[in-house]
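Colleague: Heads up, the sequence shown is in the working numbering, so the first residue is 54 and it goes up one at a time.
Calculated directly from the structure, the hints in this document are not laboratory data. Keep in mind that a hint or two might mislead.
Now the in silico label distances, taken between C-beta atoms and shown as ranges [said to hold, decoys possible]:
| hint | residue 1 | residue 2 | range |
| --- | --- | --- | --- |
| 1 | Q92 | R119 | 14 to 24 Å |
| 2 | G61 | T110 | 17 to 27 Å |
| 3 | Q66 | F155 | 33 to 43 Å |
| 4 | E99 | Q134 | 12 to 22 Å |
| 5 | S106 | S167 | 30 to 40 Å |
| 6 | S78 | S105 | 16 to 26 Å |
Yeah, the Cβ is synthetic: ideal placement off N, Cα and C, and Gly gets one too.
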Amino acid sequence: QVQLVESGGGLVQAGGSLRLSCAASGIRFSLSTMGWYRQVPGKQREMVARISSSGSTNYTDSVRGRFTISRENAKSTVLLQMNSLEPEDTAVYYCNADYGVFDFWGQGTQVTVSL
54 QVQLVESGGG LVQAGGSLRL SCAASGIRFS LSTMGWYRQV PGKQREMVAR
104 ISSSGSTNYT DSVRGRFTIS RENAKSTVLL QMNSLEPEDT AVYYCNADYG
154 VFDFWGQGTQ VTVSL
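Use the sequences and the hints to build the structure in full.
Modeller: So this is what it looks like as structure tokens:
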């Protein structure tokens, strides 16, 4: 059974930092592209950052330079370090695992950035 369990969300003031963590099980983690997505009510889910099995990364423009995605294959964990947070970053953040034709999602963790 595949499980992606996110943690690390919460409430932070603008300019602050948070680190999200996603622990994966039941998948071939080292061969999966891992990603973080976010969604606010009434809007489509958007890609925030992705990291391939080889370590290549890509980011949405609004977070580039502020967020860093990384992976720890030995722990089957993907991290998202979020710095210089802005109120516009407020959303539910979801972990994603992309393994070929298979696509898995976590339950999401709320990130709220206050002024």
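Colleague: Run every hint past the structure and note whether it holds.
Modeller: Outcome of the hint check:
1. Q92 <-> R119: 14 to 24 Å: holds (19 Å)
2. G61 <-> T110: 17 to 27 Å: holds (19 Å)
3. Q66 <-> F155: 33 to 43 Å: holds (38 Å)
4. E99 <-> Q134: 12 to 22 Å: Once the Cβ atoms are compared, 19 Å apart, the range 12 to 22 Å for Q134 and E99 holds.
5. S106 <-> S167: 30 to 40 Å: holds (36 Å)
6. S78 <-> S105: 16 to 26 Å: holds (20 Å)
Against the hints set out earlier in the document, no violation occurs for any number.
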